[in-house]
Every structure is written in structure tokens, then in C-alpha cells.
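Oh and the sequence shown: position 69 is 86 in my numbering, straight run, nothing missing.
If you're looking for bench data, these hints aren't it; they were derived computationally from the structure. Heads up, a few of these hints could be off.
[Stated by the list, open to error] Here are the simulated DSSO-like cross-link-like pairs (lysine-lysine), alpha carbons at most 30 Å apart as the crow flies: (1) K583 <-> K553; (2) K523 <-> K555; (3) K261 <-> K117; (4) K451 <-> K418; (5) K428 <-> K367; (6) K523 <-> K583; (7) K451 <-> K127; (8) K117 <-> K294; (9) K389 <-> K372; (10) K430 <-> K418; (11) K250 <-> K201; (12) K265 <-> K117; (13) K451 <-> K110; (14) K201 <-> K265; (15) K632 <-> K599; (16) K239 <-> K294; (17) K430 <-> K417; (18) K372 <-> K430; (19) K144 <-> K269; (20) K294 <-> K451.
[Said to hold, decoys possible] Restraint ranges, calculated between C-beta atoms of paired labels, are given here: (21) N452 <-> R74: 24 to 34 Å; (22) V488 <-> K21: 51 to 61 Å; (23) P468 <-> K430: 35 to 45 Å.
Idealized CB from N, CA, C, for every residue including glycine.
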Amino acid sequence: MVGKMLGNRYEILEKIGEGGMAKVYKAKCHLLNRIVAIKVLRSEFVSDEEFVRRFKRESQAAASLSHPNIVSIYDVGQEGDIYYIVMEYVNGKTLKQLIKETNGPLPIPKSLDIARQVCRALEHAHKHHIVHRDIKPQNILVTDDNIVKVTDFGIARAANGSTITYGGGDVLGTAYYFSPEQAKGAMIDEKTDIYSLGIVMYEMLTGKVPFEGESPISVALKHIQENIVPPSKLNPRVPYKLDKIVLKATEKDINYRYKSAAELLNDIDTFISDPDKLIIGDLTDNNVTRVMKAEEINEKIKDSKTPSKRKGRKILRNIGIAILILALMASLSYGTMYFLNNMATAAEVKVPDIKGQTLDKATTILENNNLKLNISDSQYSDAPTNTILSQDPPAGETVKKGSTVNVVVSKGKQNSVVPNVIGSEYRDAQLKLKNSGLNANLIWDYNDSYPNGYVYDQNPRQGVQVEYNTVVDVYVSKGPEMVTVPNVQNMSLDDATKALEDVGLKVGNVTTQPSDSVPDNFVISQSIPQGTSIQKGKSIDLIVSQSTQTQQQQQQTQTQLPQGYKTKEITINLPNQEGPMKVDVYVIQDGNKTLQYSNTYTYADSPITVPVSGKGNVIIEVDINGNVYETMGAKF
18 MVGKMLGNRY EILEKIGEGG MAKVYKAKCH LLNRIVAIKV LRSEFVSDEE FVRRFKRESQ
78 AAASLSHPNI VSIYDVGQEG DIYYIVMEYV NGKTLKQLIK ETNGPLPIPK SLDIARQVCR
138 ALEHAHKHHI VHRDIKPQNI LVTDDNIVKV TDFGIARAAN GSTITYGGGD VLGTAYYFSP
198 EQAKGAMIDE KTDIYSLGIV MYEMLTGKVP FEGESPISVA LKHIQENIVP PSKLNPRVPY
258 KLDKIVLKAT EKDINYRYKS AAELLNDIDT FISDPDKLII GDLTDNNVTR VMKAEEINEK
318 IKDSKTPSKR KGRKILRNIG IAILILALMA SLSYGTMYFL NNMATAAEVK VPDIKGQTLD
378 KATTILENNN LKLNISDSQY SDAPTNTILS QDPPAGETVK KGSTVNVVVS KGKQNSVVPN
438 VIGSEYRDAQ LKLKNSGLNA NLIWDYNDSY PNGYVYDQNP RQGVQVEYNT VVDVYVSKGP
498 EMVTVPNVQN MSLDDATKAL EDVGLKVGNV TTQPSDSVPD NFVISQSIPQ GTSIQKGKSI
558 DLIVSQSTQT QQQQQQTQTQ LPQGYKTKEI TINLPNQEGP MKVDVYVIQD GNKTLQYSNT
618 YTYADSPITV PVSGKGNVII EVDINGNVYE TMGAKF
């Protein structure tokens, strides 16, 4: 396939992947001059009507979806027995590759960012009644800018309650990420994708899938029969409430699973912004293996100690202390008591005020008063690094010599590293910046490359280190700017070009048409009527007049040839420039310069073929817009 041209425009460059049903190639679209990906149905399936039908269904399902987190479908074609789909080329890696390269769990913030973007893709697909049915890390692409793209809707089908079996009843999908209903071959809906995404989240957070086996059947049975071990048992860094999100997404009973991708996304957002506000009810199986966090254990201990028991123990302890003191006092003489009292007074000291002092100076002050310093905490502040912010006990309090004064010291001004928010939906960008301790200043403007509501630029850029609470300018797209098409009829081609450029439009294809009523090289008609609202930057095709006299001169040049003259065709490669180009071709012979051809073109017409005539050796001169473009020798 490499080197083959499909549809007279797609040149196959290299194979970049393959699946059970198709091979994927990197290709170049020569019409639009861009790199694309092309999925080609495997040759062994071409004769299988069922596979061909499924292959076509993939293109129909995916082509109906338009979302930044879903791989775009550009074209569908067939050439002989080759069935192919042209899609967006994503410069990045699959999530499976990222997990393998990490050789363990992905960082929790990165895992949640990927999960959120997949949720948005599924939310969009489910709104269009499309169930993916094969969510897995291999079908999740992550660009170099950390933008997630969900691909391969190869077994997607409109969500109408249909089953997931085909042919002889083989179950579709990948066993590691099966939902229980898929494993049973039962009726499915959008919640199947949520289960599979839950398994993907599990793998990102732990580096492993929850169920493994010697065969796909054994793995599928585990999805039906066995409980999932919470992610925190494999990765203790996973918080308890994140455990519950994953376990709810992977509930075997669909009635207890998240009802929609939007609901799952909402819980993830709540967990990121304020975990204390996240409330997830009990799961269906109370016997699911569970690792209790330290705070949960402490709560249990507190609850087990009832107020009455604590009060009783306190009374007994106080009585014991009182009896011990009385016994000691009874054994001491008056002189001994006097000595102890004076010694206790002499062993006390007032705590000095060390707030605002440097750590070294505060340590010296306390040592001079027979006190010790302990750093109990450090905080970011406007005070210089290692400045004392607070102390306990406070200044002036009397304590025993040798006591410890706990202090909080300054870590200086907090710095943050600016994250990348380009390509993110603006609310996601605000959340990313907030999580990095930064604020967003939204600046809305038109942009042709990004859909409405998505970030197309930022300042400062990703990776720059700034102070905490710095405001980051976030440039948000309002979508492409629309302009009104002006009337350019009866204008000269130059004036029409300027009128279109003044409103942000371009001249497209220019063709000539004989006319005796319209002056030579004036616009007869335009492809889009005046007053139409179109996207800024679009092209307008024009038809311009060519007087019958000019046309007759060219025809006479070609038909009324002197004796011994011959005609041949030359090829001219036009320069890559915008706007119309008036091409004049002259033949210079015996010192005489004769115009033999004149017409108007755009770069899209290149190359052009022009007939010229002459006798013996001549020089051919090609002028573009009145300037000499090239000269060449010719022999007739």
C-alpha cells in the first residue's frame, strides 16, 4: 500500500497501526496539502458482507460526531476492492503506550485530566445516541499538548437496545475492558461505555487492569462474577473518595452505575475542586474488599469511646493523681517542700517575642532564655524565607526552662508552574489554572482553528514559573468571524480583488467568458451573492469578461499561421501566491514580440498548458500581472 494513491488525492506514506478489522496508514492529501490518517479494511474481509457493513457503519457513526475530543472523519471512499476512511491525523501516543512507558500508575492529576476529556467525548457521542462499545487505552490518543482524542468507533451502533453479538454469536470488544452485560452478550446502552472507562481509570491509577486470565473467556467471567479490588489497595496514594468514583463507574449492576458520562464528569470535577463535598452512596456489594484509611479508623475509635466511658476514666485518673500527690506531700518535711518550691520558681522563664525574626536569630534568642525551637510548619507568605510567622506558646507566657517553642516559618512567595490550557474548553482551563494556584483572565476573540468556547492561546506560556495567584491571560475562541459578501459585479478584476480583501475574503477560481457588453477583464458574476454571511477568509469564484476581439486575436494567431510555422504546447507552473494572475504569453522571433495568449488564473489552476506557434528558433516570454515571470527557448 505504501506509495499508492487513493481517490487521486491521498498518497499512502507509511503504516502506523493495525487492528483486528483494519490497517491504519499515514497519508498526504495532495488536494488540501495536509497529513491525514487512512483506515483500510483488511483484504481478507472485503468479501465478507458483514465486515464491509460494519466498516461502513464506523464511518457513518463517527462522521456524525464533531467534538474536540473525538477523532474527526474527513472522507470515505472505495477504490476497487479497497474500502477506506480518511480521518484526522493525531500526533501523539495511545494511552496504552503512556501507561507502558510509565511502568506503573500515572500521576493522579494526569489520570483525572484524561478521564475528564474522555467523559466529554462520551457525553457528546451519547447525546447523539452513539455507544462506542470498545473504550480501552488503545482507542484513546493523547497529543503532545495533552489533548485526548477518542478513536475507533468500529463497533459503535445507534443506541437502540440492540445486542452486541454478530455472526456466530462471538462477543465484540476487548475482554479486559468488557462490561458485565457485554460479557453476557446482553442488551447494552451508554452505561457500558462508563464501565469500560472505569476500568481504564483503574488501569491509569494502578498500572494494572483489575481482572486478568489465561483466555478472554476467563477474563469475561471475572467481570461477571468477581468483585473489583479497590485501586487504593494497589496504589495507597489513591484517596478513598476516588476509590468510590472508580468502583461506582464499574458497578456490575447498571442500576447502581453512573447514569451518564456527565454524572461521572461532575463527580470527578467535585473531587478535584473540593473532595469534602463529594458524596457517593453505598455500593451494591458491602463485601467488596476495602482498605480503610487512617482517618476512617480514627473516626471509628472516636465513635467507640462513648462520653460516659471517657468521663469515668477521667475521674478515676484524677483521683489517682490526687492520692499520689497527697502521699508525696506527707512524706516530705517542711524544709524539703520549701526547697522544691523555690527550685520550681527558679526553673520558669517568660517566652520572648520572636515573630518577624529570622530563623537563626530566633533560635539564638530562645537559647539565651534556655528554650528550644521547633519548626512545626512552614507556609508561603510575602515575608522572606525562614522568617518566623507565628509562635506557640505566645510571647509573655511563663514556661519551664528547657521547654520547646513551636514556630511556623515562611517559605517565601509561592511560585506556580503555568500549565498548558490551549485546546481546553474554557471552564476546564479555569479549573486547571485554579488547581495550579493561578487565576484566569478570559479574552474572547474570533478564531478559525478552534471551536467556540475553546482556548486557542495563553500568556504566560506552559512551563513558565510565576508567583502564586498570578493572572494568566486565556484567549478563548468565539468561533470563525462571519463577514458579508460585497457586490463586485461590473468591477475590474483588480477592484473586485481589493473589495473582497477589504472585508477579509479571497478571490477563488477566475474563469473568462466572451462578452461584448462587459468591458474586458471586468467581473460578469460571482459565485456567492452579495449580502450573504460567510466565514471570514473564504474564497469567492469570479467569472470575468474577455472581449470577442481579444478571443478572435488569439484564435487567429493559432489558425492563420504563415507558411512554415508550427504550433506546440508549453506547460507553465504558476507561482504559489494568492489572488488572480493575468498570464500573457509572447513569442519573440526575428526581433518581433507577438502576444499569442492571454488569460487569468489562480494558483489552484497550476500547471496550465498554453498553445504557441513559431518558426525555427524562438524565445517565449511569460508575463504574470505585467511582470516577466520566465523566458524559455523553443524550436519549431
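- prompt: Would the pair K523 and K583 pass a check requiring their Cα atoms to be no farther apart than 30 Å?
  reply: Not OK: K523 and K583 at ~40 Å, beyond 30 Å, violated.
- request: Sort out whether K110 lies within 30 Å of K451, counting only the CA atoms.
  value: 27 Å, holds
- prompt: K265 and K117: Cα distance at most 30 Å?
  reply: 26 Å, holds
- prompt: Regarding P468 and K430, is the given constraint of 35 to 45 Å on their beta-carbon distance met?
  reply: 38 Å, holds
query: Holds or violated: are the alpha carbons of K451 and K127 at most 30 Å from each other?
result: At roughly 15 Å apart (the allowed maximum being 30 Å), K127 and K451 satisfy the hint.
query: Has the given pair, K250 with K201, been kept, meaning a C-alpha gap of at most 30 Å?
result: 28 Å, holds
query: Given the proposed pairing of K451 with K418, does the C-alpha separation stay at or below 30 Å?
result: The given pair, whose Cα atoms are some 46 Å apart, is violated under the 30 Å limit.
message: What's the verdict on K294 and K451, does the C-alpha distance respect the 30 Å limit or exceed it?
response: The hint holds at about 17 Å.
30 Å limit on alpha-carbon distance, applied to hinted pair K261 and K117: 25 Å, holds
query: Holds or violated: are the alpha carbons of K144 and K269 at most 30 Å from each other?
result: Measuring from Cα to Cα gives roughly 23 Å; hence the hint holds.
query: Is the Cα-Cα distance between K372 and K430 30 Å or less?
result: Judged against 30 Å, a Cα distance of about 18 Å means the pair holds.
query: Within 30 Å, alpha carbon to alpha carbon, are K201 and K265?
result: Holds, at about 20 Å.
The earlier numbered hints that this structure contradicts are 1, 4, 6, 8, 10, 16, 17 and 21.
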